[in-house]
Each structure stands twice: as C-alpha cells, then as structure tokens.
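S.K.: Chain D is already provided as a structure; the job is to place chains Y, C and P on it using the hints.
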Amino acid sequence: MIPLSFYLGLAALLFSIGLYGVMTHKSGIRLIMCIELMLNSANLNLVAFSSYTDTLNGQVFALFSIALAAAEAAIGFAIFMAIYRMHDRINLDELNLLRW
Amino acid sequence: MALEEFAFLIPVLPALAFVITFFFGKKLPSGGAIVPIAAIAASFVISFMITLGLLANPEEVVSQSVSWFAVLNLGVLIDPLAAVMLSMVTFVSLLIHIYAVGYMSHDPAKSRYFAETALFTAAMLSLILSDNILQLFVSWELVGLCSYLLIGFWFEKPSAASAAKKAFLTTRIGDVMFLTGIIVLTADLLKLAGGFTEGVYLLRFDEIFGYIPQLSALQANVFGFEVSHLTIITLLFFGGAVGKSGQFPLHVWLPDAMEGPTTVSALIHAATMVTAGVYLVARTFPMFIAAPDSLMVVAYFGGFTALFAGTMGIVMNDLKRVLAFSTISQLGYMMLGLGLGAAIGLEAVGVSLFHLINHAFFKALLFLCAGSVIHAVGTQDMRELGGVGKVMPITAATMAVAALALAGFGIPGTSIGTSGFFSKDAIIESAFLFGEHTHNWVPYLFSIAAALLTSIYIFRLIFMTFTGKPRSSYGGHESPAVMTIPLGILALFALVFGGLTQTGFMNFLEETFTNSFVSVDIGSLAEIGGNELVHAAGHEPLFILWLPLIVALAGLGIAFALYYLRAVDLGALASMKNPVYKLLYKRYYQHEIYTEFFSIGVVYGVVAFLAQVVDVVVDSIVEAVGIVTVAASEELRKIQTGVVQTYATVVIAGVSLLIILVKLIMEVL
Amino acid sequence: MQINRPAALAVSLLFLFVVVLGTFGTSWNTVSELPANPADQSNIEGIGMLIFTQYVVPFEVLSIVLLASLIGAIYMAKGEGDK
Amino acid sequence: MLPVASLLILVPLIFAAVTFFAKTKEQAAGMGLLGSLVTLGLALYAYMNFDSSTAAMQFFESVEWIPSLGVSYTVGIDGISMPLILLNAIVIPLLVLYSWKEEREAPNRFYGLILTMQAAVIGVFVALDFFMFYIFWELTLIPLFFMVNIWGGEKRAHASYKFFIYTHVASLVMLLGIFGLFYAAWQQTGVPTFDIRELIAQFQFFESGMLRDAIFLAILFGFLAKIPTFPFHSWLPDAYSEAPTAGSVLFVLLKIGGYGLFRIILPMLPNTGSPNLIIAMMGLLGSVSILYGALLALRQKDLKRMIAYSSVSHMGYVTLGSAGLVALSVSGAMFQQFSHGLIMSILFMSAGAIHASAGTRIINELGGLARKMPKLAVIMMVGFMASLGLPGLTGFIAEFLVLTFSFVNLPGFVVIALLAIVITAGYHLWAMQRAMFGVYNEKLGDVKDINALQVFSMAVIALLVLYFGLNPSPVLDMMITNSEAIVSLAAAAGV
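Chains as they are written, first to last, in our numbering: chain D, 2 to 101; chain Y, 8 to 676; chain C, 2 to 84; chain P, 21 to 515.
Calculated directly from the structure, the hints in this document are not laboratory data. Check before you lean on any hint, since a few could be wrong.
Claimed, not checked - List of simulated lysine to any residue pairs, SDA-like, C-alpha gap at most 20 Å:
{"no.": "1", "chain 1": "Y", "residue 1": "670", "chain 2": "C", "residue 2": "25"}
{"no.": "2", "chain 1": "P", "residue 1": "392", "chain 2": "Y", "residue 2": "115"}
{"no.": "3", "chain 1": "P", "residue 1": "175", "chain 2": "Y", "residue 2": "634"}
{"no.": "4", "chain 1": "P", "residue 1": "121", "chain 2": "P", "residue 2": "184"}
{"no.": "5", "chain 1": "P", "residue 1": "463", "chain 2": "Y", "residue 2": "165"}
{"no.": "6", "chain 1": "P", "residue 1": "321", "chain 2": "Y", "residue 2": "615"}
{"no.": "7", "chain 1": "C", "residue 1": "79", "chain 2": "D", "residue 2": "88"}
{"no.": "8", "chain 1": "Y", "residue 1": "645", "chain 2": "D", "residue 2": "95"}
{"no.": "9", "chain 1": "P", "residue 1": "321", "chain 2": "P", "residue 2": "380"}
{"no.": "10", "chain 1": "Y", "residue 1": "164", "chain 2": "P", "residue 2": "435"}
{"no.": "11", "chain 1": "D", "residue 1": "27", "chain 2": "Y", "residue 2": "650"}
{"no.": "12", "chain 1": "P", "residue 1": "175", "chain 2": "Y", "residue 2": "637"}
{"no.": "13", "chain 1": "Y", "residue 1": "670", "chain 2": "C", "residue 2": "22"}
{"no.": "14", "chain 1": "D", "residue 1": "27", "chain 2": "C", "residue 2": "8"}
{"no.": "15", "chain 1": "Y", "residue 1": "645", "chain 2": "Y", "residue 2": "661"}
{"no.": "16", "chain 1": "P", "residue 1": "121", "chain 2": "P", "residue 2": "384"}
{"no.": "17", "chain 1": "Y", "residue 1": "198", "chain 2": "P", "residue 2": "435"}
{"no.": "18", "chain 1": "Y", "residue 1": "670", "chain 2": "Y", "residue 2": "658"}
{"no.": "19", "chain 1": "P", "residue 1": "321", "chain 2": "Y", "residue 2": "621"}
{"no.": "20", "chain 1": "P", "residue 1": "395", "chain 2": "Y", "residue 2": "634"}
{"no.": "21", "chain 1": "P", "residue 1": "463", "chain 2": "P", "residue 2": "384"}
Unchecked claim - Simulated DEER-style distance windows between Cβ atoms:
{"no.": "22", "chain 1": "D", "residue 1": "54", "chain 2": "P", "residue 2": "162", "range": "53 to 61 Å"}
{"no.": "23", "chain 1": "Y", "residue 1": "66", "chain 2": "P", "residue 2": "224", "range": "55 to 63 Å"}
{"no.": "24", "chain 1": "Y", "residue 1": "634", "chain 2": "P", "residue 2": "432", "range": "36 to 44 Å"}
{"no.": "25", "chain 1": "Y", "residue 1": "672", "chain 2": "P", "residue 2": "192", "range": "46 to 54 Å"}
These numbers were taken from a predicted model, which means no experiment stands behind them. Don't be surprised by glycine CBs; every beta carbon is placed ideally from N, CA and C.
Here chain D stands alone, though its shape is the one from the complex:
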C-alpha cells in the first residue's frame, strides 16, 4: 500500500510549483493557472485524507472546492478582462493605483 505521506508529498510538490509560479509570473492568466494548481494540490490532500480515514467528508469538500475554484477563475478572468480593456494588458506590476 502506498503510504499517505506520498500523496501528501506529491500535493506539497504541486503546491510549491504553483507557489513558485505565483511568485514569479507577471501575467494575470498564468497567475490564475498557478493558483488553480495550488488549489488542486489541496484537493489532492482532501481526497487522500478522505480515503485513508474511510470517511467521505473530504471528498465532498473537494467537490465544493472545485466549484469554488470555478467561481474564482470566472471572476478572476472577468476582472482581468476588465483590466485589459482599461490598460490594454494585464501586467500586474502596473496596477499600483491604490499603492501608498
């Protein structure tokens, strides 16, 4: 049997990759993709725990989380579209209107 830690390790790896992407990328689209990656690494954890504890709660939550990710992505992309219409690009560096 594959130990639980392996799933968790995989999820951590996925999360770190997503994190690295979030930190380094300027483009909003890539940012959202990386966030999706992080969310899904969490889902992986949920499902793994669910299986290894013989309860279904975790899987239910994973479903909820997927639905929320959809909502988040929809809103995110919509915001980016709006920004794009204003600035003609979605470079996050330049969005400093509220800074300081």
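M.R.: Leaving out everything else, chains Y, C and P in the frame of chain D:
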C-alpha cells in the same frame, strides 16, 4: 460705649462710598465727591470719638473679631497706636478730598478718581485697625492696588501707566517678603501651638505676641549662620515695610509716583500708603525688640535712607520730585526712630509715630500747596517758576509754614516750635542717646547730616518757586477757597500740633502694648533680643539740643545765599560735567541698575533662556516623538508594496521559518 | 516589485522542504487497509447522500455563490453598455 | 430626593443630542442655554442639599453593570467634587451667553460640543467607578479636539492633534495603572471590582512594593500631564491659544487632572514604597511649574499664550498644595482649582473679546484700549488682579493657603514658588499697561466695546471671584472637611 460697636464702620463706610461713587458717580454732582467726603467725615468722627475715649481710659481698647475662613479671622483692634493713626488718616484724607473737589474739577473722569481715593482710604483704615497680621496684609495689598490705579489715573499718558506699574512691582517685592514672613510665622505658630484649636485665631496679634519667647528660641541655619526664627520673620516684615515705605533700596517707585494727580501724591505721602510700613514695624514692635539684630537693621536702613534721599532731593528740578525725596528721607527718620528702640525701648514707637503724624500734616500741606501752584501755573519745573509768591500769597505762606515745619524750626527747651521740630529733634536726640549708650554714632551722624540736607532742599524749593522773578511767562491766580481752606487748616496743625501734644502723645502711645487686648513686658522682651534699654532720657548736653536747630538754620542760610541772593554762580557746579552732580541728578543710576540691568538684563535674560532653550527642548521632545513616528512610518509603509506576490512570498517564507524555529526550540527544550 | 526567481525558488523549496519533512515525519492515524469493495468501487452514492443531508446548507450557499460569481463575471466581462 | 448625580450627567448629554439637530443659530444657542441652565439648577439643588460637615459620599447611587468584571454604575458627590461641579455648572451658561452673538459655522455642533463637554467633565467628577471614570475622562478629549480643530486659529490642526495625542498617551499610561490596580486587587480578594474607593482601600495590601509604585506612578503621570505640570505642559500653550474663546474656557474648566490628585493620588500616596520621595517630587514639580510658567508668561507676545502660561503657573499651586499634605494646604489646592476656573474664564473671555474687536492679540500691537473699551477694561482688571493674587479676590485665598501650609512640610519649594509672585505681577501689569493703557493705537481702527451679554456673563464671574474672595467659606468648608479626611489617612499611615 455704643460708638465702639461701630468701629468696623470706619473702613466700611469709605468702601461703600467707593461702590456708590464708582457706579453712580457720573450722575452725581461734582463726580460724586460728596459721597466719599461724607463717608470719610463719618469715619473721622467715629475714630476721633474712640480716640477721645481711649485717651481717658487707655486700658480699654476696642477689640472685635469674627471668623473669616478656615482658622483665620477678621477683626478690629483700636489701641492707642491705631487710634492716633486712624484719626490722622481720616482727618488728612478728608482735607485732601475736600481740596480735590477744586483740584480735580476739570477732569472728566473725576468720579473714578473719587471712587478710587475712597477705596484707598478704606484700605488704609482697614490696615490700621486690623487685629491680625493676615488682615493687615490683605489691606496692605489693597493699598498697593489703589496706588497702582491712582498713580496710573491718567492712564493714557505712557509715563503714568509705566510709573503705576513700577510702583506696584517695586512694592510687590516688599510684599512678597512680608508674605514670606507671615508664612514662616504661621508655620512656626502651628508647630508651637500643636495645630489649630477651634476659636483660637493664631494670627491675631495677642496670640503672636504671646509666642514671642518660643519663636525667639527657634533657631534656623541660614547660609551657615544660626539665626533666630524671630529675626527672620521680623526682617521679612521689615522687607515689606521697606517696599511700602520707600526705604532704600526699594524707594525708586516713590519719585515716579508723581505721575498721578497731586492730590494722590499727597494721599500717598501723607496719609494712606507710605506710612503703612512704619505702622507695620510699630505694630509688631514687640517682635522686633525681641529679635536680636532686627532693630539695628531697621535703624541702619532708616538712617541711611534719610541721608541718601536727602542728597538727591537737593538737585531735583521738579517741584513734586523734591517733595518725594523729602518724603523718603523723612520716612527714613521714622524707621530710624523705631530702630532706636534697641536702646530706648517702647519710647521709640512714640517718637517715631509722633514724627509720622506731624509729617503727615506738613507733607500733605506741602503737596497740596505744590498742587495749588501746579493747578494755577501749569508747570512743575522749578526752573520755569519763580516769584509765584506774589500771585499766590496764601499758598506761599502756607508752604513756608510747611517748610519751617519740615526743617524743624523751634526753640529747644521750650514748647515753642513747629511740629516737625518736636518730632524730628526727638528722633535725633534719641539717636544721640543711642550713640552715647552703645558708642555707635553712625545713626546720629546720619540723622544730623540728613537734617542739614532737609533744610537746604526745602528752602531751595521755596526760594526757587516763590521768590525772585518769573523765569517763564505763566498766568497765575490764587486757588479757590475749597482749596485754600484745607491748606489753612493743615498749616495750623503743622505749626502747633507738635508743641501742644508732645508729652501727652508719647505717654499715650506707651500704653499700646499693655491693655485689655494684649499685655507685653517690653523690658523682658528686650532681654530676649539682647537689647539693653536705657531710661535716663532728658539730660543731653545743651549743644546736642541746639545742634539740630543750628543745622537747620545753616541749611536755610545756604539756600538763601545760593538761591535767593545768587551769591555763587551755580552754572558750573550744577552741570552734567560735575560728576557728583551728575551722579545725584541721575539718582545714583538707579534706573540703569534696576530697570536696565536687573529687569531687562538679568530677568529677561533668564526668561529668554527658558523660552528659547528650555521650553523648546521640552516641547521638542514631544514634537520629536511625533516627527520620528511620522518619518518612520514614511519609510516603513514601503514594505506594503501592494503586490500580492510579494505578500505571498513573505507569508510563506515567514510561516516556513516560523515552523522551523518552533521545531528547533522544541528540540532544544 | 517583482520577486526575483532565485529567491522565489528558494522560498518554494524551503516551503516544500518544511511540508515534506512534516508529512514524512508525522505518523498519520490512518486505517490499516484501504477499503476495497470489489462489488462497488464507486462511492458516488455516499457522496451524494452526504451532500444532500449533512452538507445541504453549504451546498445551497455554494450554489448562490456560484450564481453570484456567474452574474458578476458576465457583468464584468461584458463591459459597459454598448461596448 | 432627586438622583442629582445621574441627572447632572444625563441632562447636558440629552440637551447636547438635541442641540446637534438644531437648524438655526438661535435654536442651537437657545438649546445650549436651556440645557446648561437646567444643569445649573440641578447643581444648585445639589449644593443646597449638600452637607458640608461630612466627608462621606452624598447623592450616592450604585447599580451593577457588568457583574463578571465588577463594573458598576456608581456615582456620588462629596466635598471634593461639589465645588468643581458648581464651577462647571456656573460658567457654562455664561459661556453660552458670552458667545451668543458671535458668528460661526455650524452653531449646532458648537453648542452641542459645549454641552457634551459639560456632561463629560461632570461625569468624571461624579464617577466612583474606574470604568466610568475612564470613559468620561476620555470623552472630554473629543469635544475639545473638535473645538480646536474646527473653530481654532491658524495652527489649529497641529494644536488639536498635539493636545489629543499627548494627553491621550498619558491617559493610556494611566489606564495601564488602573488595570494593574484592578488585577492586583482581583488576585488579592478574588472578587473583581472597579470601584474607586474599594480599589484604593485594597492598594495598601498589595505585597509587591514595586507593583504598588508602578501602579501609582502610572496613574500619577496621567494626572500630571492633564493638570499639566512642568515638564508635561507643552501641549497646553498651543491648545489654549489656538482654541476659540469658548474652547479655551472649556479647557480651563477641565479640572480633572487636579481632581484626580485629590480623589485617587493622595489617598494612595501613603502606601507607596517611598511616600516622602514622591511628595518631594510633586512639590518640586509644582513649585517649578509655578516659577517656570510665570517666567515664560513674561516673554509671550500673544495675549492668549501669556494667559496660557500663567495657567501653567497657577496649576502649579494645585500640585504643590497637594504635596503639602496638610489639611489646609490641600484645601488650598482644591480652592485654587475652583478659583482658577473662574479667573481664567474671565481672562480668556477678555482676550477673546479683544481679538474679536481689535483683530489681533499681539500685545505690542494693541494699546490704549481702555479708552475704547472701558467696560472690558474694568472687568479685565478684576481678572488680572485676581490672577496675580490680589487679596480680596479668590486667587489670593488659594495661594495663601497653599503657600502658608505647604511651608510646614516643604519650606524649600514654597520659597521657589514665592519668587514667582513678583514675576506674576510683572507680566500681568506689563500686559495691562501695553494693551489697555497708554496712547490708543489708531491702526486698530474703530474698536467697539463688548456687548451687553458679554458684559453680563463676565461681570457675573467677576462678582463671583470677588464674593468667594471675600467669603470663601461656602465652598472652602466642604473642601476642608474632605481634605482633613484625606490627610488623616496619610497621618494614620505615618507620613
């Protein structure tokens, strides 16, 4: 006697007159002058009746006390000392008020004038009849306030406003010393009495005098000297008297006080203000005589002031300033007289007060005459006057009488003489007695030299003003009767009061401290203070008796030669090139020393340092906290880049490190 | 301000290190055997039951959130008026 | 019997709320006057029914509020608070009358804030529970802040923030002290309570001397900064001089710092680690404040700043008298609070009137105003004379009591304070001479005297200064009763 029940009315009536005149004076005829005149007349009648009663029975003094606040009281005490003062003050003040009806007739603000003089008189009367030291101080300060208001009566003249301020501030220095004396006294009494008892007013004179031996036993260490508390207290009291009575070195306000109306000067100099200091020392005389060295200080200051003021008196050109220095000088005599109590005991009070009363008459007369001249002629610079005697015969005659009284003309050994003769010569003789007794001749020399100066400056004034030819064109006329009648009455008193009352007066005042209110044995108190008293008065050599008169005549002769006959050309002597003359004319550079050096230099220097350094530093500490906070946040807020990725990085890194840290700590523990 | 890549990599690796160390260092309280039901490999039914009983309220809330985000997304993506 | 203590807070508060909604200036001022007059009536009612022969609390009310923390609504009036409530109740209606004819923005807020301030200050005086005490204590900041910030002079923003932050920080330190007291007492007895008197009673049983000193000093700091004494005074000149006239008068009525000394500090003092050291420190701060304020006042060019520094000087007597710790010196300090409130009201009203009609407050730019403003000159003279301690007016009574009876224990400090008396006279007379006397400065144009309402309000205060100066017993007796109780506590502890 029923009248004594109303003793409290003596100051209350003029105070009421103040209120009425102040608020309704403008609607009353002649500025409401009738109200204070009536009130003071009533006070005079009450005072005089009480004095007559006391003369018959000096043991039964008037004494009433009511609780004021906390453990302090207000009260009335009329003993012989207070009685003669009350009678004199009400009488002189009454005459001055009547005179002022004429003198102030053209002034638009005369209702304010009469209101303030009424308050002035009320304060002085309350000062005289207070039976405790605190009430005396309260009245003392009110007198100061009124003098401030009256000297600055023509407040639109900058010099008047400035003189008023100077008078108030200079006397205030003395007042603070007086207050300090009261504070020390109260603290000591509290200690000695072991706290307060209901119904016992510790600050009443009978209580204070009762504690004199214990107070004297208390020792304090001041700058390495062991000093009796009583000495400290009395010297502080004397400091107050120095301020109020214009003694050196706090005399500077008195000549400037001439900026007020002349009647105010007369009030201040004769009746209501400067005598307060002398009165204070006389009132607390048992304390002074029981305090080692205090009376000597009084004597030296008094004697020195008498001489010092006299030297300045001989060079002044302003009619009123000469009189002002004359007052300072005569007050010096009174202080000297009190200080001689170190040798002659209680008699000193009689001698000094006798001079005070006589001085009041002739000094009021001198000022009112001067006022009469100024009123008629319109100038008070003696260089521009001359020959006024022809146009104003009554004024000139009364002024001459006053001058004779001031110089002290009379025939020794008889009861013929002006009042100044009897009182001033008594002081000089006492000084001689003192010298004979202690072999300390300094007071005597001071007093005799001052007598010469007195005679010179007053006759210089007479000759320069009333004789010779007019040195400028002025239109003069004799003053109206409302002004000359008071002059006549005062002249009468200046002539005969001394001769008629001398012995009786002295004996009357001897009773001051042994009566139904307080009983003090001056002899034993003098022993406490280390003062040896002599009782052998009256067998001075004939020369000593005649010397004051000879000196006065010499002064008259000098003045006659210099200012009437013009025997010597004074141009060279009385010029600014003569350093002595310049020193005197500049009044020993007091203005430079007091105002420019001390007030502006030292005090303002300290203040500037405090304002520009200390306060700035104190404030900067506060402001700096704010500035540093703002500056720090200006930098620190840049951490908030507004870029989510940065936040995410920092959060993740922080959490990771935190976990490692916690883990490590757990491992170590 | 952009995080430079080496720093980002370092933080990511640090995080990975910490988490992996954590997961492998913890003794997880798991069931000894995975439930292997040969008859019915699916647990869809159980999940459905849970969603509509125990988690019905979150489910409803989620639906509203989805709807709201849908509307919001359309509104924002569509732009203003005729544009 | 009316629940006066509660009503004294509630009435101005309710009227304040109503006033905020007033539409016109007349309505606002009218509501302000009505509210303050009702408060005055209540205060007089309390005064009439007050028994000045006992130091106990009167008009006492107590209701539980948050039992789990021992917070209760407890109010009461005694001889320490009664004169100050009276002072507040008397001056506020006169202040409303004084500013009746002035034109300003948002009169509804102006009068509303005045009434709020009154409620807050009276609240501090009647509160017997630290929780309430602190709430009202901080509430006083708000109206004053807005007074300065909205209607103040040129540097109003700086002055208002400085005042707010400075005294607020000091209050926070005090709050720490209060919490320390609360928790230590909770540990001691096992019952939480915020009752001021109970906590003070428990204070002596705390075992740790360090803890007692820390609590005491934290609370003392809060009060000293509020009084304020040197060197915590630097907010005062800015705030007093930038505030509008009504604001300055409200500042003057803010007597809560000195009140705290009598109510809280003096009863705790004997049980601190080294009471004599603290007494010496307070005496030093007090006497230095007296001298320092006087010296700095001498240099000020702005009439209002001069009065502000003289206020520092006068409040030094409160600290010095408290430190004197003799019944009469403490009563003198209490009386100084009362007298200072009256006198400074006159002075700030005078300065405000001069500023309003002459257009400047710089003393050297004035001159000869007595001719054009005779009524003001008379009233201002009374105020100045009272302020420089002339006998017959209230200032003297207070200063005499403080100086004389502090001398018993603290002779050196009294001597320092005595030096200031001449200087005090100096700057008052100097200002009077420059501003009111001398030749009229024609540049000022046609200056008008104060209006009838202003004459009335200032004359009433001036008469009170005179009345209480001649007959201080109506308020002094109750002060003496209470200070004897305070001092006997100290004596029992052997200080």
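S.K.: Against each hint, give a clear statement of whether it holds in the structure.
M.R.: The hints, checked one at a time:
no.	hint	in the structure
1	Y:670 / C:25	15 Å, holds
2	P:392 / Y:115	15 Å, holds
3	P:175 / Y:634	17 Å, holds
4	P:121 / P:184	29 Å, violated
5	P:463 / Y:165	17 Å, holds
6	P:321 / Y:615	13 Å, holds
7	C:79 / D:88	16 Å, holds
8	Y:645 / D:95	16 Å, holds
9	P:321 / P:380	11 Å, holds
10	Y:164 / P:435	37 Å, violated
11	D:27 / Y:650	10 Å, holds
12	P:175 / Y:637	18 Å, holds
13	Y:670 / C:22	11 Å, holds
14	D:27 / C:8	16 Å, holds
15	Y:645 / Y:661	18 Å, holds
16	P:121 / P:384	28 Å, violated
17	Y:198 / P:435	19 Å, holds
18	Y:670 / Y:658	18 Å, holds
19	P:321 / Y:621	18 Å, holds
20	P:395 / Y:634	45 Å, violated
21	P:463 / P:384	12 Å, holds
22	D:54 / P:162: 53 to 61 Å	57 Å, holds
23	Y:66 / P:224: 55 to 63 Å	58 Å, holds
24	Y:634 / P:432: 36 to 44 Å	37 Å, holds
25	Y:672 / P:192: 46 to 54 Å	33 Å, violated
Comparing the model with each numbered hint stated earlier shows that hints 4, 10, 16, 20, 25 do not hold.
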